[in-house]
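There are 2 protein chains.
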Amino acid sequence: MTAPTEPIRAPRGSTLSARSWQTEAPLRMLMNNLDPEVAERPQDLVVYGGSGRAARSWPAYHAIVRTLRTLGPEETLLVQSGKPVGVLATHEWAPRVLIANSNLVGDWASWPEFRKLEHLGLMMYGQMTAGSWIYIGTQGILQGTYETFAAVAAKRFNGTLAGTLTLTAGCGGMGGAQPLAVTMNDGACLIIDVDRTRLQRRVDTRYLDTIAADLDEGIALAVQAKKDRRALSVGVVGNAATLVPEILRRGVPVDIVTDQTSAHDPLSYLPEGIDPGDAPDYAAKKPEEFTDRARAAMAKHVEAMVGFLDAGAEVFDYGNSIRGEAQLGGYDRAFAFPGFVPAYIRPLFCEGKGPFRWAALSGDPADIHTTDRAILDLFPDNEQLGRWIRMAGERVAFQGLPARICWLGYGERARAGARFNEMVADCRLSAPVVIGRDHLDSGSVASPYRETEGMADGSDAIADWPLLNALVNTSSGATWVSIHHGGGVGMGRSIHAGQVTVADGTPLAAAKLDRVLTNDPAMGVIRHVDAGYELAEHVAERDGLRIPMREGDVQ
Amino acid sequence: MTAPTEPIRAPRGSTLSARSWQTEAPLRMLMNNLDPEVAERPQDLVVYGGSGRAARSWPAYHAIVRTLRTLGPEETLLVQSGKPVGVLATHEWAPRVLIANSNLVGDWASWPEFRKLEHLGLMMYGQMTAGSWIYIGTQGILQGTYETFAAVAAKRFNGTLAGTLTLTAGCGGMGGAQPLAVTMNDGACLIIDVDRTRLQRRVDTRYLDTIAADLDEGIALAVQAKKDRRALSVGVVGNAATLVPEILRRGVPVDIVTDQTSAHDPLSYLPEGIDPGDAPDYAAKKPEEFTDRARAAMAKHVEAMVGFLDAGAEVFDYGNSIRGEAQLGGYDRAFAFPGFVPAYIRPLFCEGKGPFRWAALSGDPADIHTTDRAILDLFPDNEQLGRWIRMAGERVAFQGLPARICWLGYGERARAGARFNEMVADCRLSAPVVIGRDHLDSGSVASPYRETEGMADGSDAIADWPLLNALVNTSSGATWVSIHHGGGVGMGRSIHAGQVTVADGTPLAAAKLDRVLTNDPAMGVIRHVDAGYELAEHVAERDGLRIPMREGDVQ
Ligand SMILES: NC(=O)c1ccc[n+]([C@@H]2O[C@H](COP(=O)([O-])OP(=O)(O)OC[C@H]3O[C@@H](n4cnc5c(N)ncnc54)[C@H](O)[C@@H]3O)[C@@H](O)[C@H]2O)c1
Ligand SMILES: NC(=O)c1ccc[n+]([C@@H]2O[C@H](COP(=O)([O-])OP(=O)(O)OC[C@H]3O[C@@H](n4cnc5c(N)ncnc54)[C@H](O)[C@@H]3O)[C@@H](O)[C@H]2O)c1
Numbered sequence: 001m002t003a004p005t006e007p008i009r010a011p012r013g014s015t016l017s018a019r020s021w022q023t024e025a026p027l028r029m030l031m032n033n034l035d036p037e038v039a040e041r042p043q044d045l046v047v048y049g050g051s052g053r054a055a056r057s058w059p060a061y062h063a064i065v066r067t068l069r070t071l072g073p074e075e076t077l078l079v080q081s082g083k084p085v086g087v088l089a090t091h092e093w094a095p096r097v098l099i100a101n102s103n104l105v106g107d108w109a110s111w112p113e114f115r116k117l118e119h120l121g122l123m124m125y126g127q128m129t130a131g132s133w134i135y136i137g138t139q140g141i142l143q144g145t146y147e148t149f150a151a152v153a154a155k156r157f158n159g160t161l162a163g164t165l166t167l168t169a170g171c172g173g174m175g176g177a178q179p180l181a182v183t184m185n186d187g188a189c190l191i192i193d194v195d196r197t198r199l200q201r202r203v204d205t206r207y208l209d210t211i212a213a214d215l216d217e218g219i220a221l222a223v224q225a226k227k228d229r230r231a232l233s234v235g236v237v238g239n240a241a242t243l244v245p246e247i248l249r250r251g252v253p254v255d256i257v258t259d260q261t262s263a264h265d266p267l268s269y270l271p272e273g274i275d276p277g278d279a280p281d282y283a284a285k286k287p288e289e290f291t292d293r294a295r296a297a298m299a300k301h302v303e304a305m306v307g308f309l310d311a312g313a314e315v316f317d318y319g320n321s322i323r324g325e326a327q328l329g330g331y332d333r334a335f336a337f338p339g340f341v342p343a344y345i346r347p348l349f350c351e352g353k354g355p356f357r358w359a360a361l362s363g364d365p366a367d368i369h370t371t372d373r374a375i376l377d378l379f380p381d382n383e384q385l386g387r388w389i390r391m392a393g394e395r396v397a398f399q400g401l402p403a404r405i406c407w408l409g410y411g412e413r414a415r416a417g418a419r420f421n422e423m424v425a426d427c428r429l430s431a432p433v434v435i436g437r438d439h440l441d442s443g444s445v446a447s448p449y450r451e452t453e454g455m456a457d458g459s460d461a462i463a464d465w466p467l468l469n470a471l472v473n474t475s476s477g478a479t480w481v482s483i484h485h486g487g488g489v490g491m492g493r494s495i496h497a498g499q500v501t502v503a504d505g506t507p508l509a510a511a512k513l514d515r516v517l518t519n520d521p522a523m524g525v526i527r528h529v530d531a532g533y534e535l536a537e538h539v540a541e542r543d544g545l546r547i548p549m550r551e552g553d554v555q
Numbered sequence: 001m002t003a004p005t006e007p008i009r010a011p012r013g014s015t016l017s018a019r020s021w022q023t024e025a026p027l028r029m030l031m032n033n034l035d036p037e038v039a040e041r042p043q044d045l046v047v048y049g050g051s052g053r054a055a056r057s058w059p060a061y062h063a064i065v066r067t068l069r070t071l072g073p074e075e076t077l078l079v080q081s082g083k084p085v086g087v088l089a090t091h092e093w094a095p096r097v098l099i100a101n102s103n104l105v106g107d108w109a110s111w112p113e114f115r116k117l118e119h120l121g122l123m124m125y126g127q128m129t130a131g132s133w134i135y136i137g138t139q140g141i142l143q144g145t146y147e148t149f150a151a152v153a154a155k156r157f158n159g160t161l162a163g164t165l166t167l168t169a170g171c172g173g174m175g176g177a178q179p180l181a182v183t184m185n186d187g188a189c190l191i192i193d194v195d196r197t198r199l200q201r202r203v204d205t206r207y208l209d210t211i212a213a214d215l216d217e218g219i220a221l222a223v224q225a226k227k228d229r230r231a232l233s234v235g236v237v238g239n240a241a242t243l244v245p246e247i248l249r250r251g252v253p254v255d256i257v258t259d260q261t262s263a264h265d266p267l268s269y270l271p272e273g274i275d276p277g278d279a280p281d282y283a284a285k286k287p288e289e290f291t292d293r294a295r296a297a298m299a300k301h302v303e304a305m306v307g308f309l310d311a312g313a314e315v316f317d318y319g320n321s322i323r324g325e326a327q328l329g330g331y332d333r334a335f336a337f338p339g340f341v342p343a344y345i346r347p348l349f350c351e352g353k354g355p356f357r358w359a360a361l362s363g364d365p366a367d368i369h370t371t372d373r374a375i376l377d378l379f380p381d382n383e384q385l386g387r388w389i390r391m392a393g394e395r396v397a398f399q400g401l402p403a404r405i406c407w408l409g410y411g412e413r414a415r416a417g418a419r420f421n422e423m424v425a426d427c428r429l430s431a432p433v434v435i436g437r438d439h440l441d442s443g444s445v446a447s448p449y450r451e452t453e454g455m456a457d458g459s460d461a462i463a464d465w466p467l468l469n470a471l472v473n474t475s476s477g478a479t480w481v482s483i484h485h486g487g488g489v490g491m492g493r494s495i496h497a498g499q500v501t502v503a504d505g506t507p508l509a510a511a512k513l514d515r516v517l518t519n520d521p522a523m524g525v526i527r528h529v530d531a532g533y534e535l536a537e538h539v540a541e542r543d544g545l546r547i548p549m550r551e552g553d554v555q
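Those sequence lines, one after another, are chains A and B. Mapping to full-length UniProt numbering: the first sequence position 166 is 166, numbers consecutive. Mapping to full-length UniProt numbering: the second sequence position 83 is 83, numbers consecutive.
Everything labelled a hint here was simulated from the structure, so no lab data went into it. Worth double-checking, as some hints may not be accurate.
Unchecked claim - Restraint-style ranges between C-beta atoms, simulated for each label pair:
(1) A:Leu378 / B:Gly121: 37 to 43 Å
(2) A:Asp332 / B:Glu6: 56 to 62 Å
(3) B:Gly393 / A:Arg542: 54 to 60 Å
(4) A:Phe335 / B:Leu120: 48 to 54 Å
(5) A:Leu378 / B:Leu120: 36 to 42 Å
(6) A:Asp457 / B:Arg12: 38 to 44 Å
(7) A:Cys427 / B:Ala89: 28 to 34 Å
(8) B:Ala89 / A:Ala311: 48 to 54 Å
(9) A:Thr2 / B:Gly330: 49 to 55 Å
Said to hold, decoys possible - Covered by chain B, per the in silico footprint, the following chain A stretches (three or more residues, Cβ under 8 Å):
(10) 68 to 78
(11) 95 to 102
(12) 187 to 197
(13) 475 to 482
(14) 513 to 525
Said to hold, decoys possible - From the structure, some residues in chain A lie toward chain B, with a derived Cβ separation under 7 Å:
(15) Leu376
(16) Leu471
(17) Val489
The C-beta atom is built at its ideal place from N, Cα and C for all residues, glycine as well.
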């Protein structure tokens, strides 16, 4: 069975094709993940992130759809690596769908084993939100990048990037969010990419303001914007291994340095002196030589980044492993600057802050605009949030069902959920919304190379936490819950959990949302209390979160 | 904080020390796991299986107890590797305790990483039922062994071992259950152990009938019992590598051959010509020489087992890796006979059959005798079950809270649960009972060296199944649910889940038990349907289990 001839698109409006919103919601969100506006390769069921799939096969997809259409209010559908394997009688507080994707026993948790099983038709790769049916397109990446730069601003620049200059490289699928994320934080940004077409695409989508004719012009424009405290992003074509040292040498007043070239794979990072058009062929024919030259280039690149660090700039690794590759390339101070999670994101995690997202099942953009106003109304004092919501409203084009994402913390998420449910109940929204999140969240992932890198107590690799997170959401009334392996950083390197809950305007949904949106971020606070973070202890105490080891007399 | 000065013993009777039976039950079962009658090393919180713990530390133990005493009917306690980390508001159908023990991200799923984290005080090893508070002493091992031999009988000998002779070796902690398990199945058994004290201990506890003066007498007694169709177990002192080939050479009419010497560790299996008393010293001083000689001995031992196979006997590996070691010892037909799970247990798993167990919270043995009668009454046609229940009643001494175990399948478990709950309600039982199981069950474990070895479709290492099992039980009303890593076979080699549900006589408990005891074994049936086992397909069809891929038109 091959792909359907018609592109998949979730039903819109308020007419149900399933028996209730509790099952209509996962149905629409599964379909939405495969909408051509949303998915990278819908014909292969691939949503994003290399090979992250929404369902294992077309027969599996059709069987899920068929089952959701008739699933009852006290039934639960089980999905094993993208294939529906059973329907069981549960109860009305239980999730309607339970999902486990890509999980392997530890000694077999590798790409070769996974590929073997995938080839046998026994598994699929679920990434984070592909197999858990809550991907919302590139807005998620933009928002995560915005949040990171906002955290940099908060830590070092009094809460704004106005008057600062950020230097970065890599304007690809994920890195291309950087220039807009910087300008949304009111900063100036100089971004290098070796491939002009990548920069041009971002100009076309208004993520990048302009491409400079050459390095001189690029520097001049960016420095002037910094002086004027003006938001501006400028692209420069060139190899970062050449240009970053040159910019350092010239003493350009750079405040922030990072990088999102494809450094995770030394066959993707371009060595100096190679044209982007020639690279694939060269990499294929002489992979070892290419790798050696790429690593040598990364060593130069990172050495210059450390030069900026020594000169007083804020420097961080943006999750692409460039430090490790530069070290392999022979540069021994590569780890002088930190990864972005320990540097900026962990304090947010300590407050249970993470990527709260929602989608309007009506398909009506007006519903999202209404929720945007509700968020502004609920959190009038959160300037950073307000700026994001306003700019997103102007700048972000919806893909598939209209959706929004913003980072909210413990307490805040439950308030937003309650409000959205009220708005469905009193028809301010034209149909229910779903509220979910990425698996990258404060209490839902163990990933020692990214989200849990450098935990204060050394507990980076402990996977009890995401599993408890999944069990807690299952115990709290989430509509669907998922446990995945290998998202973001690959097989053997992460275990993570997700939840999506429907706000259908009923009192039951209100009760469920209150539990889920309280307990889910609570797991993040608890996890960080356990690791010894004072900020998390403070939040737990402030909000009366119960931590048994801190209660009662020590016996 | 060190161990309490008084030994721990669960409260008995029907007076609550917690707020309800939903929390009294985990409280008593945690304590029961640490009762000196039950636990191997209670002072170290070690219950069984090397270092399987009930709680991470004494402060953690006390905090769990304190929290369970006050936990409300809509609250849930979270336990991370034996330490209570949070209390959250959930709902009355949610579990009262959620447990994740010893889980590590794949690339870190090894003993050295685990030991490092354990040493930092961040983890504990939960084994299967130690950290999930439902260990019931050695009865579990006896019953599992009984069930295995019953399955051998069913497969090959018309349902009884009467008139058969079983040859085995290894009469230690686990292997010592073999002679009684064979005689409970009405067979004759000849068991070899190099260490006379091991045989003697089993005579003292009535697991072994007699020790023969020498091999000649042993063979004579056993063969005569076989002729007379009499149940009899006979121990013989000697090295299996010497005696098994000798028994083959003599043409003794052996029907079944297995082994439970400590072959998993070549420093524990005795080479020929070594006295048990001298072995530890020799192994410590010359580990490589010892290993080589042990493997050579295992090669001889397994070669003789294959000789019996060629002569028509039923031969199997009982989970001690003797085939692998014999292969390393140079014998190339070592894998000519199968492991016990694919050979006998998998067909039971296909029917959702697994180790159903329950404990009387009253502490009154009469309650278990009452439930024994209920089981006999519920399943009058199941002779094998009846024989076990009657013999267990006579032969098994309770350890800690009186408990019983027997293997029941899909459908049967729910019926037993319903009956027990009725009996609590109408006071035929003096207090509630808990109903749980080992993590070794039909749909709750991924363990490629044991429970999921040699799955028909090659899905041995896929861990989605035990995770779905935990999510399903959490969605069905279980009282506590656990996800563990590394039980039975060690770090990196297994992922498994458990559940325990309280029968407190209320209608709510009846509804929960019905869901849990239906869905939990249903996971086993579904898992085996998915792997292509016809027997499982038959059960699913017979009992109307919904498998979405088998419904609707193929599109
Ligand atoms: N921080 C996170 O959470 C996170 C998440 C996902 C991915 N990543 C990492 O971020 C990196 C970028 O991801 P992406 O999706 O944008 O990748 P991509 O392949 O789409 O883009 C990489 C870009 O780098 C450019 N490039 C390569 N070598 C260069 C060089 N020497 N000089 C200048 N430009 C060069 C390429 O032309 C391309 O435009 C990856 O390494 C990825 O693993 C991080
Ligand atoms: N089937 C299962 O599910 C399962 C479960 C747990 C353990 N096991 C395996 O079963 C084996 C036995 O476990 P145990 O707890 O009884 O171990 P144990 O160490 O308590 O007993 C092993 C016995 O083997 C005897 N022995 C050693 N070498 C011998 C030789 N050459 N000839 C005769 N006797 C010899 C020892 O004297 C000892 O009595 C182990 O390998 C264990 O890994 C299987």
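Taking the hints in turn, this is what the structure says about them:
As the Cβ distance of Leu378 (chain A) to Gly121 (chain B) is approximately 40 Å, the hint placing it in 37 to 43 Å holds. Remark: the range hint 56 to 62 Å for Asp332 (chain A) to Glu6 (chain B) is upheld by a beta-carbon distance near 58 Å. Gly393 (chain B) and Arg542 (chain A) have their C-beta atoms about 57 Å apart, which keeps the hinted 54 to 60 Å range intact. Under the hint 48 to 54 Å, the C-beta atoms of Phe335 (chain A) and Leu120 (chain B), about 22 Å apart, miss the expected range.
Here the CB-CB span from Leu378 (chain A) to Leu120 (chain B) is close to 41 Å, well matched to the stated 36 to 42 Å. Against the hinted window of 38 to 44 Å, the Cβ-Cβ separation of Asp457 (chain A) and Arg12 (chain B) comes to about 40 Å, which satisfies the hint. Roughly 29 Å separates the CB atoms of Cys427 (chain A) and Ala89 (chain B), a value that falls within the hinted 28 to 34 Å. Take Ala89 (chain B) and Ala311 (chain A): their Cβ atoms lie about 51 Å apart, and the range 48 to 54 Å holds.
Separation of Thr2 (chain A) from Gly330 (chain B) is about 52 Å and conforms to the stated range, judged on CB atoms against 49 to 55 Å. Coverage of the segment 68 to 78 of chain A by chain B holds [criterion: at least 3 residues with CB-CB distance below 8 Å; count 3]. Given as covered by chain B, the segment 95 to 102 of chain A passes the check, having 5 residues with a CB less than 8 Å from a CB of that chain where 3 are the minimum. Only residues whose beta carbon comes within less than 8 Å of a beta carbon in chain B count, and the segment 187 to 197 of chain A has 0; fewer than three means the coverage is violated.
For the segment 475 to 482 of chain A, the stated coverage by chain B holds: 4 residues have a C-beta nearer than 8 Å to a C-beta of that chain, and at least 3 were required. Coverage of the segment 513 to 525 of chain A by chain B holds in this model, with 5 residues showing a Cβ closer than 8 Å to a Cβ of that chain against a need of three. Contact between Leu376 (chain A) and chain B, as hinted, is not supported at the beta carbon level, the nearest pair being about 29 Å apart and thus beyond 7 Å. Using the Cβ-Cβ criterion of 7 Å, the hint placing Leu471 (chain A) at the interface with chain B is satisfied: the shortest such distance is roughly 4 Å.
This hint is violated: Val489 (chain A) has a C-beta 10 Å from the nearest C-beta of chain B, more than the 7 Å allowed.
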